[in-house]
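Put the two chains together into one complex, using the hints given.
Going down the list, the sequences are from chains A and B. If you read the first sequence in the working numbering, its first letter stands for residue 1, the second for the next number, and so on. If you read the second sequence in the working numbering, its first letter stands for residue 1, the second for the next number, and so on.
Dumping the calculated DSBU-like pairs for lysine-lysine here, alpha-carbon to alpha-carbon at most 35 Å:
| id | chain 1 | residue 1 | chain 2 | residue 2 |
| --- | --- | --- | --- | --- |
| 1 | B | K430 | A | K226 |
| 2 | A | K135 | B | K334 |
| 3 | B | K54 | A | K305 |
Facing chain B, a subset of chain A residues (Cβ under 10 Å, in silico):
| id | residue |
| --- | --- |
| 4 | N46 |
| 5 | A54 |
| 6 | L73 |
| 7 | S77 |
| 8 | T94 |
| 9 | D95 |
By construction, these hints were calculated from the structure, which means they are not laboratory data. We put the beta carbon where it would ideally sit given N, CA and C, even for glycine.
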Amino acid sequence: MPNNFEETTKNLKEIIDNLDKKREYEFHFHSADGADVTSRFGDVENIQYHNDEALTVTCIDGKRKGVASTNNLSDESIELTIEKSKTIASFLETDKHQGLAKENLINEFDIDCGINFPKELSTEELINITIECEKSALEYDKRINNSEGSEYAYSQSNNLILNSHGAAGSYSSTSYTLSCVVIAEEEGLKERDYAYSTRRSFNQIGDPKTIGHESAKKAISRLGAKSISTRKCPIILTPELSVGLFSSFLSAINGNNIYKKNSFLRDFINKKVFSDHISISEQPNVKEGLGSRPFDSEGVITSDKLIVEGGVLNTYLLDTYSASQLSLKSTGNSGYSNILIDSTKPMMSKLVESIDNGILVTELMGSGANMLTGDYSRGAFGYLIENGKISYPVTNFTIASNMIEMFKNIEEIGNDYYLNSKIKCGSLMINDMTVGGN
Amino acid sequence: MNIIKECIFPDNNLDFEKISNVIAESSGPSIDLSDLYMQYTTVESWTCEDGIVKSGSQDIDSGYGIRSISNEKTGFAYGNNFSFSEIIKSAQLSRSIVASNKSKSINLKENSNYKKLYISESPLTSVTDEDKVNFLREIDSYIKEKDKRVQQVIINLSSSFDSIFVANSYGTYSFDDRPLVRFNVMVILKSGDRVERGSAGCGGRYSYPTLINTRKPFELADEAIRIADVNLNSKPCKAGNTTVVLGSGWPGVLLHEAVGHGLEGDFNRKKTSNFSDLIGQKVASELCTVIDDGTIEDRRGSLSIDDEGTPTAKNVLIENGILKGYMQDLMNAKLMNVKPTGNGRRESYAHLPMPRMTNTYMLGGTSNAEEIINSVDDGIYAVNFSGGQVDITSGQFVFTASEAYRIESGKIKNAIKGMTLIGNGPNVLKKVSMVADDMKLDDGVGTCGKEGQSVPVGVGQPTLKIDDITVGGTEVNNAQ
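One chain only, chain B, in its complex shape (with noise of 0.2 Å):
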């Protein structure tokens, strides 16, 4: 159900002939491009911790953005009280970016020309919140029958259900209603003298059912008690330059950060990225392909339309190490010419609309992970990380691994910590040396920050091997 049409809509009297008042208030002849963004939003979490579900919250944010744009100019004011008179305020506030009268008036015709990725329901309302409590005590006596190292256990359920209603002066509407659930599960272990942490999740634009009726939340209970036990073994890391092995899956925040921030629209037409007029050009080694696709059923990261109406799309982003596009929004399309990819996101409605990835993920090769664990005499062997970072402009980007091992002639050794990687972008993704064909979406657990925007976003990639990368660690000579 959309809030916005079915309750917003009526509770405040709008209907479309007000909402072309308010595109025709907001646009004009100087003005390239205006839309209006409504949204309701609900919000919950219910946490498990020292076996109490002690704690459940709901939020509730609504409100609309109006946006003017004018060439490189943007005009943004935004509200939450939804009367007529406030939001016309707002559409004239954002016009005053630059001198223009208002436009006539815009005719709004519904694009309903895209495919539903997902349900329309609620996840809140999915099954009822005793449910909830009793899913996450489950989960939480679990793990604590299965180790007895465990000294702490925090379990997290949480899910949005997300209203959208997006009007432009190109004449265009869509609704849109997007589910998001996500799960999450940490542990402490202690052994000795040591304590470590592992923690593992899923998540996508689903319902409950979908989650709470599989062996999915236990599985991933296991892992994070893996993950802990695996670190209480680990030893401390060799900083310099090695091979590095990449594992399937999650790993794929390298290329996140490596180069899809860099491919975003909005840097390129400002001539800030690293990959700034190079397409054609090889900016990779050509074991790789990657896509940037928002068409992904029930997938984190997908959408059926972005928040400017685009009907997401498979976009290549590098065909074979070579440039192929970049990811766009309509602004950014327009000032460089280009299609708009469907890549258009913004955080809220209080939040300007920019180019952001959906699901960025790299193709299989032909090798085979095993194969390429072992070519490496000395090395790596990465397989979980807890975030990264990236410089767009001069391409430097950071990660730091949860679970890594040593490699040593062609086999995995011991647990490492502390291990970070940081590299160069195109420099890194010029030394992929092998490609496995073993390609796999992360679990839906990513959350992707840009100038103070979060967005959900999903990763994937095969096991690969990259020749020579730097490393950080604590020790300098052969100590381990």
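Only chain A is shown next, with the shape it has when bound in the complex (with noise of 0.2 Å):
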């Protein structure tokens, strides 16, 4: 734990066991430093240093809430937050469920998740590894022919939770991030992918020139796309485009859009979502996670849990907040960490050719996933799949369907899991979608 910040832990803990008993006080600071680099035709184009804090102070006076933030951490200015989330909580109407979490707290500082691996980086080590990534995605193909550069970014953060209820914890992480961005032309018409890799620890961040090449290929691939008719056929999403869906159903059953009534799932819980084969699980313990952590942003304990089974929705992701207002306790998901797509059908290497036709969606565009109806369109680009093989890439379509379907309708699920994300899920082959074309 870097010297500042176990400093401002011991300070801000002071401050906090000294306010009044009359009110609940919640402290979240959070810290970060670390740096981008940004190399572009084998020179380096971007250098730049993070350094960011940040203290939210949460009041609740009489079942009213006020926030304030800053990003000066002085003992006046800490004081003068304090003040203003009182003043703020004072003039709000008061609102039963209001409250700071109060059971299973966390109580032990610096805890060792598994997920921090500094590292001391120079800039020119960062900029030697960007400039070997993108010369291997240029030097890959002649079409290759222009790039927005190769990006490096690390950072260090910290982050600690306070409240007057003895909630009381920290934790530090890293993350590391390598990507190459590239354009491929071709009788005068471009197309632009990338690649990357994003990981706890320096060391997992694989060979740069792998990221290169794969930017290249993902570019080239997409030259000479033709446009495509209008039709219901199945469809594949990438691991990288299912892990958005998924996404799309975490937020559709977090407690907060549900007791607003602005969840498409407002009404499934023990009911069926997916088909008998899906399960879905939150790992918040897993070693290098993307998404570990110890506590919630609430100070909540949090473990394992199965939030989909035999493809029937087990819980709600519930705070404290959304809890009480559906009588129910909170499930330690101010937020969520990693979660597990899984199924019990044998996980497939080739779902492509198990499809005679349909179509490969490498890239959905836009926002149309309407979380309160299900109903979801969205422009995408991808590749024709016939007799279980790609035949050639295709544009300027969209798919549309309605999320309800779309999740029973998820047939198999690849083996190909996708590590970029806190969400872990392989290729999705979901049937019957609306594919809109010329």
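Right under this line is the structure:
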């Protein structure tokens, strides 16, 4: 734990312990530092050094909640922030559900949850990695004739939670990301694509050349895309896009959307959402997990849970407030940690081979997922599948359905897990999507 | 009141001599431009939900960012401790992008040669907190009395006040104070088995009384109910190619996505945009004249000066279908050997400036809206959109309608749901076949994202007709 974080922790603990006992208080402190390096055409283009910290104070005064934050950690500024949270609370109206987390609270500082791997990195070293990564993309094929560069970003961050019911916890984490974006051109038409790797430790990032090659390969494979006619057919979503669909699912079962009736899954508790073979679990304590954390953002201890079992929705994701609204208990889900999407069917390595006529979707655009009705309609790019084989790239089409139907229609899940997200999932094969083209 | 000038400078013993030392430290013989940006922002937000004004927050964020540019290279460091020694350290880090000695000295002069487009007072303190709470409650009761099908009402009132200071190695400095108010209302209506949402909002660079003491919030509440009601009766949308009429105002988000981003200077300098090297060429139908204008008073997308201290301007991007120019910041203007256009913007001191839009709109034409609708035999009339996205390299864009109708034999018919438009920017603009005389700017609700940075923007356009664009929906045959 860095020294100044340790000092801030001590200072904030002393301050919260000495605040009035009439009101409830919560302090959330976050600090991070790191750097971003970008190289383009073999030379460094950008170096950015980061250094952020912020304190958020929540005050609950007679079931009224005020929040104030500052990035100035002087004693005077902390005091002003606390006062502001009290003033805001005093103007609000009583809401019987307001209250800070009281049960299952964390009580340990500097918790090691296997996600903190600080490493001294020289700017020189990072520049060299990005140059090597971009070079392998530029040299991959002569149709790669432009680049947005390769970027290396790392950060080390520290999280602290304190509340007047005794929550007191902190942990540190690191994150390393290497990416490459290149442009392929053929017959005057340009296509851009990217590849990246994000991990908790520097050593797990992988070979920069592999990331460069992948970005080039993806950009080139997009060239010569044709339009497609309107049809209904099965689609395969790449693991990256599957993650997006499951994050819509997780948002739909978030307690705050449920009690506001602002979710298409508002009446689905203990009901079938997916087909039998699918289970979804949360695993907060995975070593090197991108979502790992010892407690949620309210200081509630997190543990493994089965969210979906045999396709049935077991639980909503609840924080203290939404749990009170729904007369339930917090599930430690002020936010979520690592999510694993699993299937009892054998996970297939080549989903494409199982489709006679369909589309492999590799990019989705636009904001066409309606969280209230489940209606889903988005712009897409992909590859036509004919007789179990990729035929050619297709563009300028949309895919549409309703998420309730899409979830039920997930026929197969691939074993090609996506590792750049805290949601761990493979490719999905979804039946019966409407493809809108010309 | 500029908080940087009135508080941050005296509290940290900073003066213009020290600021010029910082600029000298961050610049040098091999450095083309360096600048220091200082910012103090206060943001507040009040929300009424379930009939209770249940949450309020205030955030203060302050800090500085220093950047050194050498040809295409940029070094950047930021921090939130305004002490001279810390700022000097950041200046040295920033300059380390290239091996260069520091400058001897920089003489700084204030640039006050620009028009102030908005007031210099903080909206946060323009009315009491009690008045803000009462206002929200009044709108909430109004909605609940007006429509008994209401399931949920969420009303938000928020504002920010941003004091900035920017000084650069060209030898100029400027101060600006930027108020911003935003109001939004969302309702969920239920009828039988169906639930639908409607939302409406407005905002701009003014103070609360300009909004609170008018009928506007009530009109927006009516509008949110109207949209939810329309959607309760909406039918699935047929997928395929069709003629689309876009309504005036907010549908200008099409322009923002389809052409705006592709005309930003950075993408064109790097030639990654599909508008690269097309100045002087025809990129749209001759009915299209597209402008980016940061100088409209009180507008959400307006700025007196951009975040590099350049006064904003009214820039013609496309004139009668011909591409006239790109939007530029200082760095890209210099590299492309053109003038800066006042489009250098950044989300905050912790982000690098880049060319961004301000208020982007298309000028009106000579048709009228009714005539346009009447000319469509079979198509769609899209009036409201919930958002969009573009790939500036291929030009492919997408956006999703939140209110749209079928047009049959020149008449507006049933509402449709889940409609997405997809197309290629230049191709679609070439298919604009009619433009009405009803140009309108949006109500001041737009936020644009680029490379992880969000900035407030405005959009606008007249009613216009696009022949043949791909529409996404769930229906394949003529089921509707």
